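Trainee: The lines below spell out each chain.
Protein chains: 2
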Amino acid sequence: MATQNGSVTLDEAATEQLAEQLRELRVKVTQNAEKVRLLKQANAPAAEIAASVDTLGQLRAQVTALEKQFESTRPLYYQLRSQCENLLKRRFFVVPSYEIYGGVGGLYDFGPPGCALKAAVEQLWRQHFVLAEDMLEVSGPCLTPHIVLKTSGHVDRFTDLMVKDTVTSDCLRADKYLEEKIDERLNAKEGISPEEAERLALLRRQADALSAEAMKAALEELNVKSPAGNPLSDPFPFNLMFGLKIGPKDEGGAGENQLQDARAKGAAAAAARSAEGRGYLRPETAQGIFVNFRRLLEFNGGRMPFAAAQLGLGFRNEIAPRNGLLRVREFQMGEIEHFVHPDHKDHPKFHLVKDLKLPLFSREKQLSDGKVLRDMTVGEAVAKKIIDNETLGYFLARTFVFLTRCGIAESGLRFRQHLTSEMAHYAKDCWDAEVECSFGWIEVAGHADRSAFDLSNHSKVSKVDLVAFHKFDSPKIVDYVKYTPNKGLCGKTFKERQQALHEAIEEKSDSDKLAIEAALAADGKYALTLCTGETFELTRDMMKFEKTTKKVSEEAFVPAVIEPSFGIGRILHCIMEHAFRSRGIVDQEERCYMAFPAIIAPTKCVILPISSNPSFSELLQKVRDACVSRGISAKIDASTASIGKRYARNDEVGTPFAITIDFDSLKDESVTVRERDSMEQIRVSLAKAVDLVGRMSLGTLDWQTVKQTHALVDVKEA
Amino acid sequence: MATQNGSVTLDEAATEQLAEQLRELRVKVTQNAEKVRLLKQANAPAAEIAASVDTLGQLRAQVTALEKQFESTRPLYYQLRSQCENLLKRRFFVVPSYEIYGGVGGLYDFGPPGCALKAAVEQLWRQHFVLAEDMLEVSGPCLTPHIVLKTSGHVDRFTDLMVKDTVTSDCLRADKYLEEKIDERLNAKEGISPEEAERLALLRRQADALSAEAMKAALEELNVKSPAGNPLSDPFPFNLMFGLKIGPKDEGGAGENQLQDARAKGAAAAAARSAEGRGYLRPETAQGIFVNFRRLLEFNGGRMPFAAAQLGLGFRNEIAPRNGLLRVREFQMGEIEHFVHPDHKDHPKFHLVKDLKLPLFSREKQLSDGKVLRDMTVGEAVAKKIIDNETLGYFLARTFVFLTRCGIAESGLRFRQHLTSEMAHYAKDCWDAEVECSFGWIEVAGHADRSAFDLSNHSKVSKVDLVAFHKFDSPKIVDYVKYTPNKGLCGKTFKERQQALHEAIEEKSDSDKLAIEAALAADGKYALTLCTGETFELTRDMMKFEKTTKKVSEEAFVPAVIEPSFGIGRILHCIMEHAFRSRGIVDQEERCYMAFPAIIAPTKCVILPISSNPSFSELLQKVRDACVSRGISAKIDASTASIGKRYARNDEVGTPFAITIDFDSLKDESVTVRERDSMEQIRVSLAKAVDLVGRMSLGTLDWQTVKQTHALVDVKEA
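Chains as they are written, first to last, in our numbering: chain A, 1 to 718; chain B, 719 to 1436.
Okay, chain A solo, but in the shape it has when bound (with noise of 0.2 Å):
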């Protein structure tokens, strides 16, 4: 019988010397092997052969028998991991997409449990996020035009190195598939030096960030062929954003220069459709956060720091789609833009959350001894400069918090640090969470401190000022150059070209314009070009520049940006293998159940009949109006299996509550209640039962306190 528990704690220490055995042993057989084989090479005895034969023998049911008992100390999904896939596709949870077509790879329909599921799972994350932090969500299209996502890098950077086989032209992804063939290395188990095999790891470790010369390099030093044995091409970027082409019209977008000579002409209508043309489906929601920044400011009434928050779609045109909900082609997000002053990143809730212990993989560990820092607080971390700085700390608490309410087993759940060589090299700190599921530890959310890079870039090309201002507590003294142009004479001289003149020269720096100033002194005279080549021929006595100070009160700034960024596929995917539980086998097969927490299971609570009597029928619709009314998902289940089945079919889609009507609730109105991870029940009245229900169900009572007050009645379910 399997552990009735799918987040048992692992025994790390056990675990990992029941590994560090296998692996002993596996060299033992290795080395064994080889001797079998120089023995029957050199023609031995035959008895010799036989008794190494035999030792080899005895060695590989060691090596079999131990794997079972590491096989054991795994969680639940690692073991069970048919059963639960079994159970999300009969239930209907997952599906691939259109699959009578065959299905499209990367593509899922979620049916009803998945669907009630994720949406609250999302209604959880705003309450959580956006309600109690007083964000502010937007909610903007997935059509972009080309200019934003040329600005934001995705244009140019957004890729993955693909290789094709040479002869029919499959796709498949350099990465991906050069961890694979290292894997098979690695696992051939024979030939291999430990030496070698170090380097492998590594090279393996740095698959995703190989230059694409260095892949080319790496897979020759393989030998790669592609899966049908043919050579490959040499690798290549593939973009993995989806071009479209936004109206009707066949030339492509509008780039820069159509923007501005759209804005030159002040046309209106031009410049409506100015964006129009080339584009591409979002492959992130952050860059409809950021292109808003200047309304958002606003709203919040120019108050810093605050955040901006968008649940949405993302898309991402996968070379190779795999590993269900992980690795797919359109995906919902949740995404959090946190706009601070970048050199005041406090945070003023932090002393909330500073006392709380994370699982923090920094990246001090992750080169060190490897290990996990289980002990350390939120404060700590910050204080020790391991976590850069108080917002994101604060961000890392709250979704620790978040992930454990959504049913993540802390056993199984990771703050992983970016290692230097992993960031952009505008991102000055970057924290997955990684949760652990039969797949491995893959990441669910981000947090980065992207600094100022995305409100600048886009500043830069739409001309449009993405600042904030900060307020001295007094006004400062500040030196400057001051500029003062003969506006009569620089008008006679230049005519129409005047303004620009002056813009041109206010935009320079102190040390520009004093340069200027001692050209005039010297010579009289001063040739400005533009950076569009124009050209003025300037005077002594049109303009003069002087050093002089100025009071200021306050100062424009960039926000830096500090980004929680959530992939709610993948964590539907790891709450769905957290929440797996086996009750063992029972009537001949594997009872298993989904253990939701209530607060974001797909139906709160199945009403069942005893039986399927009919004079059930108004009591039934009386329960479930009750619930339905105190906005409980309560689901009618008359169907004519016996209890004990009812009961475990509804605890497979991982429903917490039941309320059961007998003969006697006919005469009285009391009901049973039962919850679905103890099987445990009592009898209350049906007022009092959707009371009950109504609280747990927001997770504002437990089990435990309930039990407390009533007494448990003695139920059997088979």
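Among the hints, a few may not be true.
What the hints assert, rightly or not - Pairs of lysine-lysine residues, derived as DSS-like cross-links and limited to a Cα-Cα distance of at most 27 Å, are as follows:
#, chain 1, residue 1, chain 2, residue 2
1, A, Lys176, B, Lys967
2, A, Lys89, B, Lys1200
3, A, Lys428, A, Lys365
4, A, Lys428, A, Lys487
5, A, Lys249, B, Lys934
6, B, Lys1103, A, Lys354
7, B, Lys1067, A, Lys635
8, B, Lys1205, B, Lys1189
9, A, Lys492, A, Lys476
10, A, Lys181, A, Lys28
11, B, Lys1353, A, Lys245
No lab work stands behind these hints, which were simulated from the structure alone. Please read all numbers here as calculations on a predicted model, not as lab measurements.
Since the structure of chain A is already known, use the hints to place chain B on it.
Mentor: Structure of chain B alone, referenced to chain A:
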């Protein structure tokens, strides 16, 4: 001062009388203008001309006055459209997407209040339809492979007629452009006979149904040029789906042949990728439900009828997006597919709605007096066959209740039946829910009986049976023609082709089978040609056919589909216009607010300290926490603006309740609760306030009831 209430009931009789007067006056203007022209042409005496010109001037003044009077009988969203638009943009309900880059037509961002309103309306939709009706909710991807939309007919028929400016290549949507041009002609007021006006009005109504040829003729007849004054191209169909490529391969998408090829090979890998390649963004969510029919039926335990629902994005590459949220390129939809036996379209819950009076604009009324029936119950309408069946009637009633719960005024809501010529060839009956807004009557939801069209087509192409089973009350004896092959002989003769032969014969109708029997009996042979072109030379001894009977206890059938389909964005637009109110001019400004019903209000409660004194901050947080833990979305507004300004500001975003804290609150934790529409206040304990606001937010308690048990307190807001 404007009317207090935007949803004021229009006195239809008075309005129509005004409209009639206006029509008559305009005819007089036309007649007099014609007279003046004729007098001038005839060089009539100056005095006579002057008198006629004078009469014409007076008539025109009367028209202007009457137009103003007519305008004032219209709902507020006509009268104060620009104020409403201004409020929606200024308070960040909805703004054009990518504004800093000049925007993209037909794409909009929802800011914080718009986003919260959208989420609340979607939640209500889920509660009102999915939960209350036990529908099976699914959620599929936007990315859709070619074969699905080819089968559904969208690849061939989801088009609008387009014309191009032959010089600038600017694109125009032909029907809308023709409508504009007809309006211009009609509004020119002069030189059009009543018969001509009538003919043009008819052409305008048919504009969206014209063939390319008819459109060409209409444009030529009216001598229509492009906006730039250039000749137009011939009209041609433009497919409104966004095309894209799914996966990295360069080749086009798999068609039917490749799919069958993949199936025939039994190659799992090939099949898994068979629908990759050419694809589209879905134009509707319905197809994602149809392709899942088998799993849905299984999930429902094989029981019919049942409904599935999906909330998600649809995409439409509009040629000329306009009218804000009403004609956009990306939009949220809510679609329901109710599967039912084609001969049994009664609905088990019909009795619950049958006495509801619906505003029905039937086919017959549209073609006769053009008046909306407002006194007929759904029961009557179904009994009289005005509405085709109970299920359709049931959903019309549910939609009516949903839209009025959202705050749509009954006077601005009607159900318009499609004219016979408007419906798709397979549709049985179709009713649009239409709402009157400042752009006129617009469709916000459709209710179509799609018959078995989609399921039959997907079945045919995918070769997967999409059928349900109907159990007879008692088994039936039916006639049929029994086919008895001589398998030994057939096998010997046709070898591996035998199976195809048997399948082909089994699929034939009884009369076809009897025809083969007759031929074999007469000639001793028969050449059977399959649709693949393959021929079988049959002989008498290979098979026989005989008329006999069999007992059947169930029949398979392809379900009919009744589809209520909602445009969430359009509903949001109408909600916002219908909620728009003015308190008239206050402090030299039009004091506007949004009277959203509490259940869909973006924020339910604002918490206000009477002043910005820091001593309030602890209690403020306590009130907020109490609200949030009850699931009430609440915001603190502690800015330094006067309390009146802050009430007004929160009224603008439609927050229905305010809890205000003053210095007395610090002593006894008593607070005032203010209701937005009446601006009335009561004073209660903090706990009581949160309880009342919580219940009023869910719509289970209203202010009228609260006032009966709580004395109003007198508070000045200005």
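Trainee: Decide, hint by hint, whether the structure agrees.
Mentor: Against the structure, the hints:
1. A:Lys176 x B:Lys967: Given pair lysine 176 of chain A, lysine 967 of chain B holds - Cα atoms ~17 Å apart, limit 27 Å.
2. A:Lys89 x B:Lys1200: violated (39 Å)
3. A:Lys428 x A:Lys365: holds (19 Å)
4. A:Lys428 x A:Lys487: violated (46 Å)
5. A:Lys249 x B:Lys934: Judged against 27 Å, a Cα distance of about 21 Å means the pair holds.
6. B:Lys1103 x A:Lys354: Violated, at about 69 Å.
7. B:Lys1067 x A:Lys635: Given that 27 Å is the threshold and the Cα spacing comes to 17 Å, the pair holds.
8. B:Lys1205 x B:Lys1189: violated (33 Å)
9. A:Lys492 x A:Lys476: Distance of about 38 Å is beyond 27 Å: violated.
10. A:Lys181 x A:Lys28: holds (24 Å)
11. B:Lys1353 x A:Lys245: Roughly 41 Å separates the two Cα atoms, so the pair is violated.
Consistency note: the structure conflicts with the earlier hints numbered 2, 4, 6, 8, 9, 11.
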